[in-house]
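2 protein chains.
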Amino acid sequence: MEHVVWHESLVNMADRHRANKHRSGVIWFTGLSASGKSTIAHHLEKELFDRRIRSYVLDGDNIRHGINSNLDFSREGRRENLRRIAEVSKLFVDSGIVVLAAFISPYRDDRAFVRDIVGTEHFFEVYVNCDLDVCEKRDPKGLYKKARAGIIKNYTGVDAPYEEPESPDINLDTGSLSVEESVEKVLEFLEEKRFILLL
Amino acid sequence: MEHVVWHESLVNMADRHRANKHRSGVIWFTGLSASGKSTIAHHLEKELFDRRIRSYVLDGDNIRHGINSNLDFSREGRRENLRRIAEVSKLFVDSGIVVLAAFISPYRDDRAFVRDIVGTEHFFEVYVNCDLDVCEKRDPKGLYKKARAGIIKNYTGVDAPYEEPESPDINLDTGSLSVEESVEKVLEFLEEKRFILLL
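First to last, the sequence lines map onto chains A and B.
Residues 1 to 199 in my numbering are what the first sequence spells out, letter by letter.
Residues 200 to 398 in my numbering are what the second sequence spells out, letter by letter.
It is worth saying that the hints were derived from the structure and are not from the lab.
Honestly, I wouldn't trust all of these hints.
Computed list of lysine-lysine pairs in DSS-like fashion (alpha-carbon distance at most 27 angstroms, straight line) [claimed, not checked]: (1) 21/A to 220/B; (2) 21/A to 46/A; (3) 21/A to 352/B; (4) 46/A to 220/B.
Quick list of simulated restraints, FRET-style, between CB atoms [claimed, not checked]: (5) 109/A to 260/B: 39 to 49 angstroms; (6) 379/B to 73/A: 23 to 33 angstroms; (7) 388/B to 166/A: 17 to 27 angstroms; (8) 148/A to 272/B: 38 to 48 angstroms.
To spell it out: a stretch of chain B is covered by chain A in this simulated footprint if at least three of its residues, at any positions, have a beta carbon under 8 angstroms from a beta carbon of chain A; those stretches are [unchecked claim]: (9) 210–223; (10) 291–303; (11) 349–362; (12) 365–372.
Being a predicted model, the structure only gives us computed values, none of them experimental.
Heads up, the beta-carbon is just placed ideally off N, CA and C, and yes, glycines get one too.
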């Protein structure tokens, strides 16, 4: 092993894209709590899986209970939360997978920060656009209620801002679109971009 | 979308294994610096790729410059380094990928900690077993030299311990085995375990 070049990568991202017959990247779902981000991401994952497109959902469920379990919800904690998600996403993209990332990510700066880490050419922003009153009516975990009662502080949409994307790649009006329609819209976008070749 | 169950996963790890026609897990390469961990991992990745087995190398190159760029080399920093690697590995395993993780990971406790996070049934330990004097002669980055000169402190094998695995799944004597022979030994093990079905 004396003359081996150390740490050489023998398979690169382009090799993986060719083998997989699709590109890899991050579909970033941003929006209020209960707007439908994770639900759409999981349904999209199933549709992609059925088409043999390798994808994987990252959301609060597998991130906050795992790699980011030691972070709080302070401004700094939230920034580090997103930084790690971005770095994990980058590894997945390099491995050839389409990441479906579902996170409130309320600040424009933070989303730009994630985009920078992942690489603009691999990053697509989906605004899961749903009126606050609709989200609040759904309130599946009762968190809006707690936020209104002051039990939870700094809750996005209640006493913390949500900064809408200015030019998202896709705008999903989930107040009126069904899950299936939302998924279809993302699939059409990916096909248009020749990101995936639907088989 | 009112009656949707939130955060439901519609594709699980078993579905991915069936579609991929191989299982997923972590092959953990431990050993001294310059023992050949990353080189073997990268060559194994190429062999697996050619067999259409989805794998991905995690090593210092993509971890320390990315997700763990804000950690130091203190005992605590090293522990957090391994915790994050384990959590990232776990996500990859869930996504159906065979992770090839190449890290010195000198302490038995730390490796057990990683195994616990990943899950014993998904974790295989490969001891990249090479005598210190051979590693030190290779010294591709000149780090042993710096450690001997006292410029680098707490360098594994010089002034910090390396705790050998007591019962590794595979023991690779990389002082005598070539890279190809080492890779072959891992492939045979994975085949034996019916972990991968070599096509």
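Each hint, compared with the structure:
Taken as a hint, the residue 21/A and residue 220/B pair is honoured in the structure, with Cα atoms around 17 angstroms apart against an allowance of 27 angstroms. Only pairs whose Cα atoms come within 27 angstroms are accepted, and residue 21/A paired with residue 46/A is accepted, the gap being roughly 18 angstroms. Restraint check for residue 21/A and residue 352/B: the C-alpha separation of about 47 angstroms exceeds 27 angstroms, so the hint is violated. A hinted pair counts as satisfied when its Cα atoms are at most 27 angstroms apart, and residue 46/A with residue 220/B qualifies at roughly 18 angstroms.
At roughly 29 angstroms, the beta carbons of residue 109/A and residue 260/B sit outside the given window of 39 to 49 angstroms. Evaluation of the 23 to 33 angstroms hint for residue 379/B and residue 73/A yields a failure: the beta carbon distance comes to about 50 angstroms. Remark: the range hint 17 to 27 angstroms for residue 388/B to residue 166/A is contradicted by a beta-carbon distance near 53 angstroms. Range check, residue 148/A to residue 272/B: Cβ separation about 46 angstroms, and the 38 to 48 angstroms hint holds.
For a cut-off of 8 angstroms, the count of residues in the region 210–223 of chain B with a CB near a CB of chain A stands at 4, and the three-residue condition holds. Under a criterion of three residues with beta carbons nearer than 8 angstroms to beta carbons of chain A, the stated coverage of the region 291–303 of chain B is upheld, 5 such residues being counted. Figure legend: the region 349–362 of chain B, annotated as covered by chain A; annotation inconsistent (0 residues with Cβ-Cβ distances under 8 angstroms, at least 3 required). For a cut-off of 8 angstroms, the count of residues in the region 365–372 of chain B with a CB near a CB of chain A stands at 0, and the three-residue condition is violated.
In the structure shown, a violation is registered for the earlier hints numbered 3, 5, 6, 7, 11, 12, in ascending order.
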